[in-house]
Structures are given as C-alpha cells and as structure tokens.
Amino acid sequence: MSELFSLAGLSFLLVVGMTLGGAFIAVGARNIFHNVLGLALSLFGVAGIFLYLNSPFLAMMEILIYVGAICIAICFAIMLSEPLYRPRPPRKPIKLLGAAVGAGLVFVVFAALVKKTAWVPAAMRSDDWSVTTIGHYLLTRYALIFEAISLILLVAMLGAIVNAKNGRGREES
Amino acid sequence: MYNNLQTFLLLAALLFAIGLYGVLARRSLIAVLISVELMLNAASINFMAFNRFLIPEPAVGQIITLFIMAVAAAEAAIALSIIIAVYRKLKSINVEHVNELRG
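So the protein sequences, as listed, match chains A and B. Mapping the first sequence onto the working numbering, position 163 (from 1) lands on 163, and the numbers just tick up by one. Mapping the second sequence onto the working numbering, position 101 (from 1) lands on 1101, and the numbers just tick up by one.
Any given hint could be a false lead.
[Claimed, not checked] Here are the simulated lysine to any residue pairs, SDA-like style, with alpha carbons at most 25 Å apart:
#1 A/Lys92 to B/Thr1007
#2 A/Lys116 to B/Ala1043
#3 A/Lys165 to B/Ala1073
#4 A/Lys115 to B/Ile1082
#5 A/Lys115 to B/Glu1100
#6 B/Lys1091 to A/Lys115
#7 A/Lys165 to B/Phe1053
#8 A/Lys115 to B/Leu1040
#9 A/Lys95 to B/Met1039
#10 A/Lys165 to B/Ile1078
#11 A/Lys92 to B/Val1036
#12 B/Lys1089 to A/Lys116
#13 B/Lys1089 to A/Pro89
#14 A/Lys116 to B/Phe1053
#15 A/Lys95 to B/Ala1072
#16 B/Lys1089 to A/Leu158
#17 B/Lys1091 to A/Ile161
#18 A/Lys165 to B/Val1071
#19 A/Lys95 to B/Leu1101
#20 B/Lys1091 to A/Gly159
#21 B/Lys1091 to A/Ala164
#22 A/Lys116 to B/Asn1003
#23 A/Lys95 to B/Leu1024
#24 A/Lys165 to B/Thr1007
No lab work stands behind these hints: they were computed from the structure.
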C-alpha cells in the first residue's frame, strides 16, 4: 500500500485516470470535437502506461503516430464531412442500455479470465529493451513484418487518395 | 501495483469495453472510428504488458506493437477517406442512413 503513495504510484494513478477519463469522453460526449479531444487525452495516457511498461520508444511513437497523425486526420475528416450544427435526435435509452450491458458483459468475462489464469513467466533470454535491438530485429529476423508494414502503408495511402478524390471534379462543375 | 501483470490486463480490458460500448452505441461513423482506435490501443497495452512480464525477449513485443500502430494508421486513413466519400454521396455520416446494400 505504501508504494501507492510514492511519486511513481501517484503518477501511475494519474496516467490511468487520463486513459480512462479520456476514453469516457471519447465515447460519451455528444459533440464530435470533444470526442477527438478525449481520444487525444486517452492516447497520452496510454503513452504514459507504455513508459511504466519500460518502453520510452513506444511511448514516443504513440504520441507521434496516434496523437500527432491520427487525431489530426480525424479532425480533418470532421471538418470535411457533416456540419456540427445539424440537429441530431436523441438516442433511444433502451439501445444505449443494450450497448452498455453488452460491453459490460465483455469486460466481466475478460476480468474473470485475467483473474483465473495462472500467468507463468517464461525464462528470460535477454533483457535488452534498446531501440538498437529493435532496429536489428526489424532488418534481420522480422524483415517480413517491416516489408509488410511498408506495403500496407503504401497501399493504404494510394487507396485513401483514390477514395477521397473520386467524384469530386464532376460535382463541382 | 504497477509491477503487476493483472493491473495492466484489467486496465486494457476496461479500455476495450469502453471502446466496444462506443462502437455499439454511437451512430456517427467518425465516433465509431474513434472507438475502434480505443480498442486497438487496449490490444497494444495487452501486448506490451505480456512483453514486460512474460516474454523472454522484450524487443519482440515492441515490434508487434509498432506493427499494430502502423496498421491502425493505415486503417484510419482508409476509413476516413471512405467516410468522406460516403458523406459526398449521401450527405450524412449516420450509420443508419448508410444502408443501400440492405436486402
């Protein structure tokens, strides 16, 4: 219990609070811009959790890719699509309740699974967390993953451009 | 508390459940996409937690999480372009209006 009130414990609580609070804003708020801001808050929290899981490199990547790129892209999509002032009818409470019950059931099952399983750590073969090792692995043993990532990103980029450009010229003329 | 695998797994499960609620409850396509991002992040936390506590070589889990991030970025780009195309065609991004393929 004493470790909870140390600096590390308190900042861990802060990070967890950011993650969960941001997630609640991201799904709960009715204004879509508040959703994106909640998502950004939650992703900052996840970056902090990665710090607690020993990986500053991935925390930085999380902020760069998710907060820096995906949230901005979502903001652009919001501005290019439906206007915010359009009135929206409120949702039927029974449907919201159904969604909450479904998600709650999934959480209960996962939590029971986590509690029941006996987690056995494997024997450590190395404790090398460095970016250098990740780079070596990406270019030797996991080169296939590296190539797959680059191919996926290239195809996704081309597809996104083609998709978003389609039908634009004809509408404006 | 933060040296315990179960804490992180429970946190990831909670984040996943919140994202699942968003996917089920929200009607705006962009809000659904935001919820999917939350669920992907829950998966990343899971991988990183196993990587920290159970896996013999800690570089491997980081590579997997990087892979998830790249796939999420590709998915977001594609989904957003589809959302913009749908809005141009239907003038709405409500999931209940996108039902042209309904039998």
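Comparing the hints with the structure gives:
no.	hint	verdict
1	A/Lys92 to B/Thr1007	violated (35 Å)
2	A/Lys116 to B/Ala1043	holds (20 Å)
3	A/Lys165 to B/Ala1073	holds (19 Å)
4	A/Lys115 to B/Ile1082	violated (40 Å)
5	A/Lys115 to B/Glu1100	violated (44 Å)
6	B/Lys1091 to A/Lys115	violated (47 Å)
7	A/Lys165 to B/Phe1053	violated (46 Å)
8	A/Lys115 to B/Leu1040	holds (22 Å)
9	A/Lys95 to B/Met1039	holds (21 Å)
10	A/Lys165 to B/Ile1078	holds (12 Å)
11	A/Lys92 to B/Val1036	holds (22 Å)
12	B/Lys1089 to A/Lys116	violated (50 Å)
13	B/Lys1089 to A/Pro89	holds (22 Å)
14	A/Lys116 to B/Phe1053	holds (17 Å)
15	A/Lys95 to B/Ala1072	violated (28 Å)
16	B/Lys1089 to A/Leu158	holds (21 Å)
17	B/Lys1091 to A/Ile161	holds (20 Å)
18	A/Lys165 to B/Val1071	holds (22 Å)
19	A/Lys95 to B/Leu1101	holds (23 Å)
20	B/Lys1091 to A/Gly159	holds (22 Å)
21	B/Lys1091 to A/Ala164	holds (14 Å)
22	A/Lys116 to B/Asn1003	holds (19 Å)
23	A/Lys95 to B/Leu1024	holds (9 Å)
24	A/Lys165 to B/Thr1007	violated (45 Å)
Violated hints, listed in ascending order, are 1, 4, 5, 6, 7, 12, 15, 24; each of the other numbered hints is respected by the structure.
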